[in-house]
Amino acid sequence: MHGESSVRRPAGYPWHMPAGWWLKNGDYIRYMIREVTAVFAALWVVAFLVQLAGNGRNPAAWAATFRSPGWLVFSIIALAFVLYHAWTAFTATGTLVHLRMGKQVVPSGQLNGVMFVGWAVATIVIGAILLMG
Amino acid sequence: MATQTRTVKLTVTRYRPGQDRDPITQSYDVPYNEDWVVLDALQYIKDQEDGTLSFRWSCHMGICGSCGMMINGTPRLTCAAFLREYYPGEIRVEPLANFPIIRDLVVDIDDFMHKLEEIKPYIIRPDVDSAPVGKGNEFRQAPEQIDDYRQFGMCINCMLCYAACPVYGMEPRFLGPAAIALAHRYNMDSRDQGRDQRMGYVGSSEGIWECTFVGECTVVCPKHVDPAAAIQRTKLATTNDFFRSILMPWGNR
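Protein chains in written order, with numbering that gives the first Met the number 0: chain F, 0 to 132; chain A, 0 to 252.
These are computed hints drawn from the structure, not numbers from a lab. Be aware that a few hints might be false.
With a Cα cut of at most 16 Å, we get these calculated EDC-like pairs of lysine to aspartate or glutamate [unchecked claim]: (1) A:8 x A:117; (2) F:102 x A:146; (3) A:234 x A:191; (4) A:8 x A:93; (5) F:102 x A:143; (6) A:119 x A:191; (7) A:8 x A:110; (8) A:8 x A:39; (9) A:8 x A:49; (10) F:23 x A:146; (11) F:102 x A:147; (12) A:234 x A:209.
Here are a few chain A residues that face chain F, going by a calculated C-beta distance under 10 Å [as the list claims (entries may be wrong)]: (13) 98; (14) 99; (15) 165; (16) 171; (17) 221; (18) 225; (19) 228.
For the chain F half of the interface with chain A, some residues (derived, Cβ under 8 Å), not all of them [said to hold, decoys possible]: (20) 20; (21) 23; (22) 36; (23) 100.
C-beta: ideal position from N, C-alpha, C; glycine also.
Let the sequences and hints guide you as you build the complete structure.
Quick look at the structure:
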């Protein structure tokens, strides 16, 4: 169907992806960091849910776990990674979204800015609820 | 006179089926000329030093997309990579990554050509296929409608984006950046009605959903096309379609 000739040439020398491909340039390394930071976000959420599930059975142990230095250190590391991951996601918004207002396309920088403003507003609202609660 | 005596070292991948078990490298000293691009140096080798060296080229002016190779590990058009960018350092020229090598610097592009064909990179208008286009039934576009797809139509099919894409390198079934960018170009064209015909493949797990947004396809594109954006926007559009079909099963897309 695709070839004009019925004679097929021999297969070429096959490509083999090297294991260290991601070390080849800075863009690949930054991509890997972005992906790995998401793993920490997932780990934190899973750990939190597991502890939350134990709340009903043993509230005292649950509270102690949340106050433990290990959990605190892990949470701070995870927070740093989540912030970085969120930054990479929000700065990609302008690439993801093609928005036309009338005849003008909304610049990607403005779309990114909207995401950061939304992030700030959500943080303030959630923080206020937690502090008042 | 001084410039004629200077030389630059080109280390080139050689692979001659039936002679070489694996690809090897061969080095050549080529006269350094500030106006020369890497393609000129390869042509000098072929003309003056080793006529068996094989590589693709055609226009020598960044239009045809034939002369893409890895230069010092980065996918580039050899007609647009000047020797002065690398001089006095050595220049390593390899075939495009992620493709099987047919001979020396020539890679097998059949996979890409088949994928390009599959996404139907042309305007589809079932309503006028049998009617001649003429005065009264032409399809007019406003400038802003052209702007919606113009940059994605600049692709010259040079495949540098495939060579830069680690996803394609690991999973050759992936439809790949240029093919998806071209599908997006036609999907965004206000004259086109072929989106449904393309989305079966483009929206599959071997299409847009294989992409993990590395973004290097956009970085290496010599025509400043943004295939990464095309892929992510198609993901967004497909997701919208999915939720619309659930929330409004009676409505059109």
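Going down the list of hints, with the structure as the test:
no. : hint          : result
1   : A:8 x A:117   : violated, 42 Å
2   : F:102 x A:146 : holds, 10 Å
3   : A:234 x A:191 : violated, 19 Å
4   : A:8 x A:93    : holds, 14 Å
5   : F:102 x A:143 : holds, 6 Å
6   : A:119 x A:191 : holds, 11 Å
7   : A:8 x A:110   : violated, 33 Å
8   : A:8 x A:39    : holds, 13 Å
9   : A:8 x A:49    : holds, 15 Å
10  : F:23 x A:146  : violated, 35 Å
11  : F:102 x A:147 : holds, 11 Å
12  : A:234 x A:209 : holds, 11 Å
13  : 98            : holds, 6 Å
14  : 99            : holds, 3 Å
15  : 165           : holds, 5 Å
16  : 171           : holds, 8 Å
17  : 221           : violated, 16 Å
18  : 225           : holds, 7 Å
19  : 228           : holds, 5 Å
20  : 20            : holds, 5 Å
21  : 23            : holds, 6 Å
22  : 36            : violated, 14 Å
23  : 100           : violated, 11 Å
Checked against the numbered hints above, the structure violates hints 1, 3, 7, 10, 17, 22, 23; every other hint is satisfied.
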